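Novice: Chain by chain, the residues run as shown.
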Amino acid sequence: MSTWLKLGGYTARQLMELDACTRCGECLAWCPAFAENGEELAHPLGKIACVKEWVGRQYGLRARLFGRRGIQEAEVARFSQGLYQCTLCARCGEVCPVHIDTRPLWLAMREQMVELGACPPALAALREQVLAHHNIVGDDNANRLAWAGNLPQGAGGLAGKRAEMVYFVGCVASFYPQAYSIPQSLAQTLQAAGVSFATLGGEEWCCGFPLIVAGLGREATELARHNVAAVRAAGATTLVTTCPSCLHTWRHDYPRLLGEPLGFAVRHATEVLGDLVEAGRLRLHPCAVGAVREPPLHGGEPPLHGGEPPLHGGEPPLRGGEPPLRGGEPPLHGGEPPLLVTYHDPCDLGRTCGIYEAPRRLLRAIPGVELREMKDNRELALCCGGGGDVEMAAPSLSAALARRRLAQARETGAEVIVSACQQCKRTLAAAARREGLRVRVLDITEVLWRSVTHDG
Amino acid sequence: MPRLAVFWVLHAVAAAVFVAGCGLRVSIWLQGSVEGQPAPGLGAWLRAGWRCLRRAGLRRTLRAFLRDGLFHRRLLATSRGRWFAHACLLGGFGAMFALSLLTGFCTEVLVGLFGVRHPLVQALINKDTPAMALANETLGLVMVVGIILVVWRRYLRRPAELRTAAPDTALVVLLAITLISGYPVEALRLVAEGVPAGIGWYSYLGYALSLPLRGLSWPWQALHDGAFLLHTTVASAFFAYVPFSKFFHALVSPLVATANSLRREVEPA
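Sequence lines, in order, name chains C and Z.
Just so we're aligned, residue 5 is where the first sequence starts under our numbering, counting upward by one.
Just so we're aligned, residue 834 is where the second sequence starts under our numbering, counting upward by one.
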């Protein structure tokens, strides 16, 4: 049975981009998914060539002269399989000699797959989950502040109040114990700096990023409307996120989905923390090297309570995670070698939001920390494998990509891999654990909190 | 039919097909949305482009066009060899196309219609003017070097990231035939017109090819006309094929590269 391609889901510019591709193959050399699986329809050139051929069949010269030919369902299914193995890392867009803006193009293709009913079943299930429960795990959304349970002051006072700044925690940090220490660290760092902030608590809904990258962007409008209304109701002038995917969604997708400016600033934690350090509102002492260095017994960052739940479904534990890092960390003693760290640029923070230097400045501001760059960094940083919903569509590919990135990190000799994204932390830490590597994976907020001079 | 008349008829047909093909391509683009409006038509599309241009400013647009649309700085940063091959083809093609347009304009309009006899115009329409002969010969050679490098990379070296399909081969073959067929035409012209060595050697490749022919008493004019017709037909076919081939990227890529580069400047991530 054949089906038809509608071009209304693409922009005119994207249809031009299909014609602009020179088939030079530069993108192939940089595509992490293709390097790993060799799937011809996963790499940028293959995707463009396939859609271009379909367009030609229906709208090209031959179609005008001899009639249109549809696309066979098997072709669509094969294309969809390759398409959803792309992590949407956008590295191809950075190297394309003719500047094709690849990530939005892949998203338009995914939306088309949804239209043609060829979205992977796991992502269709995710859609139900997010729309029904307003989070990606299907847990009761009222449990969003579980991570705050063992903060010194508990979860009380974090939600349901008006504040200048709203911290949008994100689904991964809210529901995955392994990532709890990220919001814990940020919350305590903000408190230490005297910043008045609030969270949305149970009123925080998934930002919609997983739906948007699945090609289900239209479903995200309701989520956007709710979240924006909640932040406006809190009277905030700034929204801060620790999750780069949430950041991108708030900064770029929400204004587009809602057709209006948000009316408040959207910033990543590294930008906010950088300002606080620069303003002298955070006093930093040498990073608690001992605490950070000490590797877990089996490598990686083990979850404290049970195994890692799947990204959707399952019952994540409500408590647990890293204990809050209270108390004065011992200062770096004279003679102690610096803590060697390497920074992993999250795709959604770097390539899609353009934030490369803020996290590096922050790391360099911490006494006792020495930053070493990986071979591929900044615009050309390798994806950790956690993007593009690939973990759901092709988990083994995601794991293989994480292994690649870990290998680059190991080449630097760093003891700690620092990222600025909970998903990157999850993916890389899980890979380190599987590989049995004695390397720690931490979020930048965790590293910073360990170096903040605070009372208690 | 005179030789030039055949040339113009073939080129007119090719130009008509070229324009129709471009129209077909644009009609496909216009099925996409512009600024959130689905398939808004050519007017809205051009207006949106104009707004982008005004937002970016002429100077910035020109800079982006030269730097990213024509100079391809990303390609230069990635691979000097590929950049050189591409520059040979694009630069040679662009310059020769401009030179041909100028010559055609001088021949048919300035001289043909208005009877201009200015020495500069006469120099431009005369194939044996040293500057014109050298320019045509050298630009052709530059393109031949480019196509040799392309063939070497695509068919001999075959890097793992390259995918060669029928459209790639069709373009390479047509371009190579168009380029190479020009040299016998020039050699036959030099012999048929009895151009002396002192003038002829400015077309150094054509002249070198003509040397072994000079002692023979063949019907050179008829052979030249035949070779010219073949060359013109191939060149016209190539011209008409552009909108339906991979070579269309030569027209679209500079626009896309400029637009996207500007967008990154004006609306940083």
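For the record, the hints were derived by calculation from the structure and aren't laboratory data.
Treat the numbers as computed from the prediction; the structure is a model and nothing was measured.
Be a bit skeptical, because a hint or two may be false.
[To be verified] Mimicking DSBU-like on lysine-lysine, the simulated pairs with C-alpha atoms at most 35 Å apart in a straight line are: (1) C/Lys10 to C/Lys56; (2) C/Lys10 to Z/Lys1079; (3) C/Lys56 to Z/Lys960; (4) Z/Lys960 to Z/Lys1079.
[Unchecked claim] Computed Cβ-Cβ distance ranges for the label pairs, DEER-style: (5) Z/Gly874 to C/Glu415: 31 to 39 Å; (6) Z/Leu974 to C/Arg382: 36 to 44 Å; (7) Z/Gly890 to C/Glu377: 31 to 39 Å; (8) C/Arg414 to Z/Leu875: 51 to 59 Å.
[To be verified] Which residues of chain C face chain Z? A few of them, derived with a C-beta cut under 7 Å, are: (9) Gly12; (10) Gly29; (11) Pro101; (12) Val102; (13) His103; (14) Glu226; (15) His230.
Positions of the beta carbon are idealized from the N, C-alpha and C atoms, including for glycine.
Novice: Does each hint fit the structure? Answer for all of them.
Specialist: Hint by hint, here is what the structure shows:
1. Among the hinted pairs, C/Lys10 with C/Lys56 is consistent with the structure: their alpha-carbon atoms are about 13 Å apart, no more than 35 Å.
2. Between C/Lys10 and Z/Lys1079 the alpha-carbon distance is near 23 Å, which keeps this suggested pair within the 35 Å criterion.
3. At roughly 42 Å between alpha-carbon atoms, C/Lys56 and Z/Lys960 are farther apart than 35 Å, so this suggested pair is violated.
4. A C-alpha spacing of about 32 Å is found between Z/Lys960 and Z/Lys1079, which places the hinted pair at or below 35 Å, so the restraint holds.
5. Evaluation of the 31 to 39 Å hint for Z/Gly874 and C/Glu415 yields a failure: the beta carbon distance comes to about 54 Å.
6. Distance hint check for Z/Leu974 and C/Arg382: the Cβ-Cβ separation is about 41 Å, which falls inside the suggested range of 36 to 44 Å.
7. Checked against the hint of 31 to 39 Å, the pair Z/Gly890 and C/Glu377 passes, with Cβ atoms roughly 35 Å apart.
8. As the Cβ distance of C/Arg414 to Z/Leu875 is approximately 55 Å, the hint placing it in 51 to 59 Å holds.
9. Interface hint at C/Gly12: satisfied, since its Cβ lies 5 Å from the closest Cβ of chain Z, which is below the 7 Å cut-off.
10. For C/Gly29, the interface hint holds, since its Cβ comes within 7 Å of a Cβ in chain Z; the closest pair sits about 4 Å apart.
11. Hint on C/Pro101 holds. Least Cβ distance to chain Z is approximately 4 Å, under the 7 Å limit.
12. The closest approach between the C-beta of C/Val102 and any C-beta of chain Z is roughly 4 Å, which is under the 7 Å cut-off, so the hint is satisfied.
13. The interface hint given for C/His103 is met, as the beta carbon of that residue sits about 4 Å from the closest beta carbon of chain Z, less than 7 Å.
14. For C/Glu226, the suggested interface contact is broken, since its CB lies about 19 Å from the closest CB of chain Z, more than 7 Å.
15. At its closest, the beta carbon of C/His230 sits 22 Å from a beta carbon of chain Z; the interface hint therefore is violated under the 7 Å criterion.
Checked against the numbered hints given earlier, the structure breaks hints 3, 5, 14, 15 and satisfies all the rest.
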